[in-house]
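A.B. asks: The lines below spell out each chain.
2 protein chains.
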Amino acid sequence: MTTFQVASPLIAIAQKTRQAATKLAISSTDTKNQAIEAIAQALELAKDEILQANLADCQAAAEVIPQPLYKRLQLDEHKLRDAIAGVRDVGKLADPVGKIQIHRELDTGLILKRITCALGVLGIIFEARPEAAIQIVSLAIKSGNGVILKCGKEAVRSCEAIVKAIKQGLSQTAVNPDAVQLLTTREETRELLNLDKYVDLIIPRGSNSFVRFVQENTRIPVLGHADGICHFYIDKMADMDKAVDITVDAKAQYPAVCNAIETLLVHQSTAAKFLPKVAQALQECHVELRGDTRTLAILPNIVAATAIDWETEYSDYILSIKIVDSLEDAIAHINDYGSRHTDAIVTEDATAVETFFGTVNSANVFHNCSTRFADGFRYGFGAEVGISTQQMPPRGPVGLEGLVTYKYQMTGNGHIVASYTGANAKAFTHQDFV
Amino acid sequence: MTTFQVASPLIAIAQKTRQAATKLAISSTDTKNQAIEAIAQALELAKDEILQANLADCQAAAEVIPQPLYKRLQLDEHKLRDAIAGVRDVGKLADPVGKIQIHRELDTGLILKRITCALGVLGIIFEARPEAAIQIVSLAIKSGNGVILKCGKEAVRSCEAIVKAIKQGLSQTAVNPDAVQLLTTREETRELLNLDKYVDLIIPRGSNSFVRFVQENTRIPVLGHADGICHFYIDKMADMDKAVDITVDAKAQYPAVCNAIETLLVHQSTAAKFLPKVAQALQECHVELRGDTRTLAILPNIVAATAIDWETEYSDYILSIKIVDSLEDAIAHINDYGSRHTDAIVTEDATAVETFFGTVNSANVFHNCSTRFADGFRYGFGAEVGISTQQMPPRGPVGLEGLVTYKYQMTGNGHIVASYTGANAKAFTHQDFV
Numbered sequence: 001m002t003t004f005q006v007a008s009p010l011i012a013i014a015q016k017t018r019q020a021a022t023k024l025a026i027s028s029t030d031t032k033n034q035a036i037e038a039i040a041q042a043l044e045l046a047k048d049e050i051l052q053a054n055l056a057d058c059q060a061a062a063e064v065i066p067q068p069l070y071k072r073l074q075l076d077e078h079k080l081r082d083a084i085a086g087v088r089d090v091g092k093l094a095d096p097v098g099k100i101q102i103h104r105e106l107d108t109g110l111i112l113k114r115i116t117c118a119l120g121v122l123g124i125i126f127e128a129r130p131e132a133a134i135q136i137v138s139l140a141i142k143s144g145n146g147v148i149l150k151c152g153k154e155a156v157r158s159c160e161a162i163v164k165a166i167k168q169g170l171s172q173t174a175v176n177p178d179a180v181q182l183l184t185t186r187e188e189t190r191e192l193l194n195l196d197k198y199v200d201l202i203i204p205r206g207s208n209s210f211v212r213f214v215q216e217n218t219r220i221p222v223l224g225h226a227d228g229i230c231h232f233y234i235d236k237m238a239d240m241d242k243a244v245d246i247t248v249d250a251k252a253q254y255p256a257v258c259n260a261i262e263t264l265l266v267h268q269s270t271a272a273k274f275l276p277k278v279a280q281a282l283q284e285c286h287v288e289l290r291g292d293t294r295t296l297a298i299l300p301n302i303v304a305a306t307a308i309d310w311e312t313e314y315s316d317y318i319l320s321i322k323i324v325d326s327l328e329d330a331i332a333h334i335n336d337y338g339s340r341h342t343d344a345i346v347t348e349d350a351t352a353v354e355t356f357f358g359t360v361n362s363a364n365v366f367h368n369c370s371t372r373f374a375d376g377f378r379y380g381f382g383a384e385v386g387i388s389t390q391q392m393p394p395r396g397p398v399g400l401e402g403l404v405t406y407k408y409q410m411t412g413n414g415h416i417v418a419s420y421t422g423a424n425a426k427a428f429t430h431q432d433f434v
Numbered sequence: 001m002t003t004f005q006v007a008s009p010l011i012a013i014a015q016k017t018r019q020a021a022t023k024l025a026i027s028s029t030d031t032k033n034q035a036i037e038a039i040a041q042a043l044e045l046a047k048d049e050i051l052q053a054n055l056a057d058c059q060a061a062a063e064v065i066p067q068p069l070y071k072r073l074q075l076d077e078h079k080l081r082d083a084i085a086g087v088r089d090v091g092k093l094a095d096p097v098g099k100i101q102i103h104r105e106l107d108t109g110l111i112l113k114r115i116t117c118a119l120g121v122l123g124i125i126f127e128a129r130p131e132a133a134i135q136i137v138s139l140a141i142k143s144g145n146g147v148i149l150k151c152g153k154e155a156v157r158s159c160e161a162i163v164k165a166i167k168q169g170l171s172q173t174a175v176n177p178d179a180v181q182l183l184t185t186r187e188e189t190r191e192l193l194n195l196d197k198y199v200d201l202i203i204p205r206g207s208n209s210f211v212r213f214v215q216e217n218t219r220i221p222v223l224g225h226a227d228g229i230c231h232f233y234i235d236k237m238a239d240m241d242k243a244v245d246i247t248v249d250a251k252a253q254y255p256a257v258c259n260a261i262e263t264l265l266v267h268q269s270t271a272a273k274f275l276p277k278v279a280q281a282l283q284e285c286h287v288e289l290r291g292d293t294r295t296l297a298i299l300p301n302i303v304a305a306t307a308i309d310w311e312t313e314y315s316d317y318i319l320s321i322k323i324v325d326s327l328e329d330a331i332a333h334i335n336d337y338g339s340r341h342t343d344a345i346v347t348e349d350a351t352a353v354e355t356f357f358g359t360v361n362s363a364n365v366f367h368n369c370s371t372r373f374a375d376g377f378r379y380g381f382g383a384e385v386g387i388s389t390q391q392m393p394p395r396g397p398v399g400l401e402g403l404v405t406y407k408y409q410m411t412g413n414g415h416i417v418a419s420y421t422g423a424n425a426k427a428f429t430h431q432d433f434v
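Protein chains in written order, with the UniProt record's numbering: chain A, 1 to 434; chain B, 1 to 434.
Treat each hint with caution, since some may be false.
Same chains, same label: a pair holds when it works inside one copy or across any pair of copies.
[Unchecked claim] Below 27 angstroms or equal to it, Euclidean Cα-Cα: the simulated DSSO-like pairs (lysine-lysine) are: (1) Lys407 - Lys99; (2) Lys242 - Lys426; (3) Lys113 - Lys99.
By construction, these hints were calculated from the structure, which means they are not laboratory data.
Whenever a hint applies, use it, and build me the whole structure from the sequences.
C.D. replies: Here it is in structure tokens:
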């Protein structure tokens, strides 16, 4: 027994993670890629153990959790193989660390560089989907960061088996297995959010209310978004056929995701022609429509929308519809009720596009295409760590660049500031190297 | 009398500011530059009124505030002329808005751009220095942002005269004077920090404790730093002459600023030779030295440092000194006690530099030059809106780029996601335009 107060076990874990992360941060691309390949091989070796652990999780959860959650929890051989292939894909991505963003001579022999570097330690909180742990760890290693994972309680056995294999894999490499940690209890989530001295970024993956809880209960920066209330505005100059096709895609192709639309705004001069067409197409896809008073005058058989509809992310086959008098009214509605995620205009009028792009305050503003394109993979980022709806960068779909920061590195040869001040002040040259 | 509850007057002000800012955000560079020139001219015209208001502020404050604060409050003709010249300098800076960061074809006719845009509304809280209002407004206009200023109570008359002139100037231009607002009471500061729906970035300028108060009492992103506890590490391979000169510059050239050093870490093998030399040079500049036990063995006449010294920003002619056994110990001390601002190594050993640059977790890491170079103007940014010690970008000295964010803009021609999924999925081309 020690006579000193024992520190929180989570602080000890965080310190170990940071220590391992400090070394990982300056590891070469080769070292990190070798670690990623070792993880892939260790997961292949542990395949049976992982699948058995998942079976136990599923059996325990079967009676307790709803069907969609159960499906996410399930990890079959096929899903696991895909996840391991995903690990190797991350190995092939460009190293986000060590990129020189500024390289400037301030004066002869005084050279400034701004260079990307790892953030430090990531705290990633996810719910039932166990293969998320695999993807997250590979992204963390590639970006030179330590990672503290917190999984949902339903997935504990699966995640323990996965992280055991990952640590086993890392133990064969130059990357310290302490760089990856797994937490499993709800109390630890709360404690993790308080570790602003040890954790540099929190990425919550889960329900809107869970993400909002995280945002409101930590001083650590949070990458993500609570809501995805996306809008489509059908302008008076819209091409009707494009408008119908894109609306159906943006709502019904996959309604459960954050970049699907929840509200359709229609210019009053196109409403009579457009609404019956789009209603038929959407109803064929089993989409329930809810309209404001003017919409009901054209589509009398749909449900009446109430104030709450304009601020609801249905994540389901439901769409609210409102008729607006002008482009400006549509933009005002979007900026009032939207979540700064993704909003689109359908029009053939270039001036309207310019106004929409300039004044809709969202991370993604689209013209004549589906909001569903708002995605890191579709943007060509190779990986997506999340979609951020904050105002400051990183904003929108965030790839590996969201897991790095930068440092200013300056080298001189005895340079002092006194030489550049006062009566005989030297001037800076400020020449960029190209 | 209205029968409705009147909303907080600050919300009404914030809404007016946002409305004006939305238009300012999409103004051309010419429009913004004309507004900046109009501000400069209006300030010249209102010169007498501003100087008289400042005289009244100074008379009211003379008995109440300490001498250094009084000096900051004073605005003479010379200071005002410099501030107006500064406005015109901002006019000459490159427009930070509208820069294309990504320009990519996702598929034929489906074009993605990532483009910089204004943040929205800035909340800037500053203390006694009235000319700060002039600089801030010109930076806000140049970056297309609205700005709500809150000045210290000592400077209210001066700032009211300045903002009156600025609004008068703007009223002659295409920029709505509502884009610039001034708050003057302490209650309003608290209320401003709660306006996370209306204000996109807070920049506090003031004492460490004030900045910390702001950071801890708002959900709005804060740009700045509370502490500037900068270190100098004198390695075993240090050149003695450079080490002495740079140490004196970093401590004594201007000790009140955040990039001056507070602690000197000296490798044990150089201490006996280096410490007497540097002590003499520093004492000639009236710097008080405080040393750990081993330092006192070499410099017996200086004060003993206590634990609190390692975490104190003196902002004064005081320097703490500690002898360390290795580069690793120096780095550990810096990462423990530093404020992630600016830390430097003096050495002729390239490997030590690499380790120091890689593992010191600070925004600015320097080699063989003074920490005092950590500054937006010296880095060649033209203007500095603050120095950030957060881990995520923007980090370190922040120029106009800290006042902008970006948006993804995508244009298609009826493109839908369904075409890129399933059995006959089209592939993305992901070609960058050059």
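A.B. asks: All the hints need checking, so say for each whether the structure fits it.
C.D. replies: Quick rundown of the hints versus the structure:
no.: 1; hint: Lys407 - Lys99; in the structure: both (11 angstroms within a copy, 22 angstroms between copies)
no.: 2; hint: Lys242 - Lys426; in the structure: between (62 angstroms within a copy, 19 angstroms between copies)
no.: 3; hint: Lys113 - Lys99; in the structure: both (10 angstroms within a copy, 21 angstroms between copies)
Comparing the model with each earlier hint shows no violations; every hint is respected.
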